[in-house]
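**Q** Just so you know, the sequences run in chain order A and B. Our numbering applies: residue 231 is where the first sequence begins, and numbers increase by one. Our numbering applies: residue 2 is where the second sequence begins, and numbers increase by one.
Among the clues, some could well be false.
If you want the ones that stay clear, here's a sample from chain A, every Cβ over 10 Å from chain B, calculated [claimed, not checked]:
1) 239
2) 241
3) 273
4) 288
5) 321
6) 338
7) 339
8) 348
9) 361
10) 365
11) 366
12) 405
With the Cβ distance kept under 8 Å, some of the chain B side facing chain A (calculated, not the full set) [what the hints assert, rightly or not]:
13) 26
14) 58
15) 63
16) 64
17) 128
18) 131
19) 134
20) 139
21) 141
22) 175
23) 213
24) 214
25) 218
Here are the simulated distance ranges between beta carbons [stated by the list, open to error]:
26) B:168 x A:231: 41 to 49 Å
27) A:363 x B:103: 55 to 63 Å
28) B:221 x A:301: 53 to 61 Å
29) A:264 x B:23: 21 to 29 Å
Keep in mind that the hints were calculated from the coordinates and are not lab data. As the structure is a computational prediction, the values presented were derived from the model and not from experiment. Every residue, glycine too, gets a C-beta built ideally from N, C-alpha and C.
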Amino acid sequence: MLATGLILYLPVLAEIVARRNLVKNIHIWSAVAWALLIALIVLVGNRRRLAEDWREIETIDSDDRRWLAGRRARQGKFNAGQKVNAILTVAFAMLFAVSGFFLWLGERNHAFIFDGTGTVHETLTLVSVVLVAGHLYLAVLHPSTRHALRGMTRGDVRKDWAEAHHAKWVEDERRV
Amino acid sequence: MRYNELVNDRAIGRAAFLGLVGAGVAGLFIGRDATRVIGSVVPAQVRNIVPSSGWRIYTIAARMPSIRPEAYRLRIEGAVERPVTLTLSELRALPRARQVSDFHCVTGWSVDDVTWGGVRFKDVLAQAGLLPAAKALRFVSDEVPYDDTLTLKQALLPDVMLAFDMDGKPLRRPHGAPARVVMPRMYGYKSVKWVTRIEVLEDDSRLGYWEQRGYDRDAWVDGSNGFTA
Numbered sequence: 231m232l233a234t235g236l237i238l239y240l241p242v243l244a245e246i247v248a249r250r251n252l253v254k255n256i257h258i259w260s261a262v263a264w265a266l267l268i269a270l271i272v273l274v275g276n277r278r279r280l281a282e283d284w285r286e287i288e289t290i291d292s293d294d295r296r297w298l299a300g301r302r303a304r305q306g307k308f309n310a311g312q313k314v315n316a317i318l319t320v321a322f323a324m325l326f327a328v329s330g331f332f333l334w335l336g337e338r339n340h341a342f343i344f345d346g347t348g349t350v351h352e353t354l355t356l357v358s359v360v361l362v363a364g365h366l367y368l369a370v371l372h373p374s375t376r377h378a379l380r381g382m383t384r385g386d387v388r389k390d391w392a393e394a395h396h397a398k399w400v401e402d403e404r405r406v
Numbered sequence: 002m003r004y005n006e007l008v009n010d011r012a013i014g015r016a017a018f019l020g021l022v023g024a025g026v027a028g029l030f031i032g033r034d035a036t037r038v039i040g041s042v043v044p045a046q047v048r049n050i051v052p053s054s055g056w057r058i059y060t061i062a063a064r065m066p067s068i069r070p071e072a073y074r075l076r077i078e079g080a081v082e083r084p085v086t087l088t089l090s091e092l093r094a095l096p097r098a099r100q101v102s103d104f105h106c107v108t109g110w111s112v113d114d115v116t117w118g119g120v121r122f123k124d125v126l127a128q129a130g131l132l133p134a135a136k137a138l139r140f141v142s143d144e145v146p147y148d149d150t151l152t153l154k155q156a157l158l159p160d161v162m163l164a165f166d167m168d169g170k171p172l173r174r175p176h177g178a179p180a181r182v183v184m185p186r187m188y189g190y191k192s193v194k195w196v197t198r199i200e201v202l203e204d205d206s207r208l209g210y211w212e213q214r215g216y217d218r219d220a221w222v223d224g225s226n227g228f229t230a
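For reference, chain A alone in the conformation it holds in the complex (with noise of 0.2 Å):
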């Protein structure tokens, strides 16, 4: 989506592939697949787990304070940076999905043409190129986080690394 997304608002890219409505609908239908992905994930998944997952992402506790202002803290499950960038994210995705839908509504009825809804698709896709290239480097590249990978694809992560970076969590695991 950002590839299509790109091309239909960089003129460079606009002159090269010249194909507006086709790299449109690819837009448009991967953006339906997308939302369409994410409602059966939380439809057919374990809503509880997913829900004390955000109650923790929401909780920016003493620890995760000190942690962002860049001083050594204890951390949980997820650090007070991947918090951050999960509250981003969901934030982002919402008003990616509602600006998008306006963009689509407003060529259709010009009722729904708002001043900005360019504006803020526009510097949502900005900020995300940052997210999203901080993230692969911290998740493929970065030698100390990227074995956090490996918990995203497999589910489960070397025990010394998750007692060295998410220490918290850990503690909170064997008292269960």
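Could you slot chain B onto chain A? The hints should help.
**A** Just chain B now, with coordinates in the frame of chain A:
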């Protein structure tokens, strides 16, 4: 005590989340003003990092038109004394006009201080000679089926032109090369790109491409499509 602490800790993340969503939704309604303010505060070097240069390229056909300058022809017909077909060099030989004007799109973006070079419609239409019944112009784009109209009165306003140059260089393909309408007082959909035919009409009721889809025919900036000054 512990419980209270937990609730407050959670309030931080919750507030950040709701604040973001709220700001984004508010942005839908004030985005244009917000960008203006940001644009006037942020230095040009930083602004130039944003790669779109302010322009967005919207097309409606399957493919963006590509017209070689030497193959370009402008046909003028309808309520005229003698229908004519003009080449680009014939058009460029007409009295030259130059203007600096802002470009506003109905979808919320604007590009300020665009330098346009071209010819006034008075001089273009003189090539065919208007009949007394002439009332409006229909601009037909090479991007089929895009078209739009201006009343004769609107087209003859002093800052309306058929442009070949943008910011000192020949128009580039995404901007409607080799010739486009520039009507800075109205939203951009009236400024038809890749114009290959001007049909002189005897009545001014015809609707253009977007107007058939509900947009205002008289698309005055800040005075149409639900926008007010």
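**Q** Evaluate each hint against the coordinates.
**A** Now for the hints, and whether the structure bears them out:
Not every CB of chain B is more than 10 Å from the CB of residue 239 of chain A (nearest about 6 Å), against its label as outside the interface. Distance check for residue 241 of chain A against chain B: the nearest CB is about 5 Å away, which does not clear 10 Å, and the non-interface claim fails. The claim that residue 273 of chain A is not at the interface with chain B holds, since no C-beta of that chain comes within 10 Å of its own (minimum 22 Å). With a closest Cβ-Cβ approach of about 3 Å to chain B, residue 288 of chain A is found to fall inside the 10 Å limit, against its non-interface label.
A beta-carbon of chain B comes within 10 Å of the beta-carbon of residue 321 of chain A; the shortest separation is about 4 Å. The Cβ of residue 338 of chain A sits about 7 Å from the closest Cβ of chain B, inside the 10 Å cut-off, so the non-interface label is violated. At the 10 Å boundary, the C-beta of residue 339 of chain A falls inside the reach of chain B, the nearest C-beta of that chain being 6 Å off. The beta carbon of residue 348 of chain A sits about 5 Å from the closest Cβ of chain B, which is not more than 10 Å, so the claim that it is off the interface is violated.
Even its closest Cβ contact with chain B, about 13 Å, leaves residue 361 of chain A beyond 10 Å, as expected for a residue assigned away from the interface. With a minimum CB-CB distance of about 17 Å to chain B, residue 365 of chain A clears the 10 Å threshold, and the non-interface call stands. Separation of residue 366 of chain A from chain B is adequate, the least Cβ-Cβ distance of about 20 Å exceeding the 10 Å criterion. Consistency note on residue 405 of chain A: stated as away from chain B, and its beta-carbon is indeed over 10 Å from all of that chain's, at 15 Å minimum.
Taking 8 Å as the C-beta cut-off, the interface hint given for residue 26 of chain B holds, the closest approach to chain A being about 7 Å. Given the 8 Å rule on beta carbons, the hint for residue 58 of chain B holds: about 4 Å separates it from the nearest Cβ of chain A. With 8 Å as the threshold, the beta carbon of residue 63 of chain B comes within range of chain A, its nearest partner Cβ sitting at about 6 Å, so the hint holds. A hinted interface residue such as residue 64 of chain B counts as satisfied when its beta carbon comes closer than 8 Å to some beta carbon of chain A; here the least separation is about 6 Å, so the hint holds.
Hint status for residue 128 of chain B relative to chain A: violated, with the closest Cβ pair at about 31 Å, above 8 Å. Contact between residue 131 of chain B and chain A, as hinted, is not supported at the beta carbon level, the nearest pair being about 32 Å apart and thus beyond 8 Å. Given the 8 Å rule on beta carbons, the hint for residue 134 of chain B is violated: about 31 Å separates it from the nearest Cβ of chain A. A cut of 8 Å between beta carbons decides the hint on residue 139 of chain B: the least distance to chain A is about 21 Å, and the hint is violated.
At about 19 Å, the closest approach between the beta carbon of residue 141 of chain B and any beta carbon in chain A exceeds 8 Å, and the interface hint on this residue is violated. Taken as an interface hint, residue 175 of chain B checks out: its beta carbon lies about 5 Å from the nearest beta carbon of chain A, inside 8 Å. The beta carbon of residue 213 of chain B is not positioned within 8 Å of any beta carbon in chain A (closest approach about 12 Å), and the interface hint is therefore violated. Annotation: residue 214 of chain B was flagged as interfacial toward chain A, and the flag holds, the nearest CB pair being 7 Å apart, inside 8 Å.
Taken as an interface hint, residue 218 of chain B does not check out: its beta carbon lies about 12 Å from the nearest beta carbon of chain A, beyond 8 Å. Roughly 32 Å separates the CB atoms of residue 168 of chain B and residue 231 of chain A, a value that falls outside the hinted 41 to 49 Å. A C-beta distance of roughly 34 Å is found between residue 363 of chain A and residue 103 of chain B, which places it outside the suggested range of 55 to 63 Å. The hinted window of 53 to 61 Å between residue 221 of chain B and residue 301 of chain A holds, with their beta carbons roughly 57 Å apart.
The beta-carbon spacing between residue 264 of chain A and residue 23 of chain B, approximately 23 Å, falls within the hinted interval of 21 to 29 Å.
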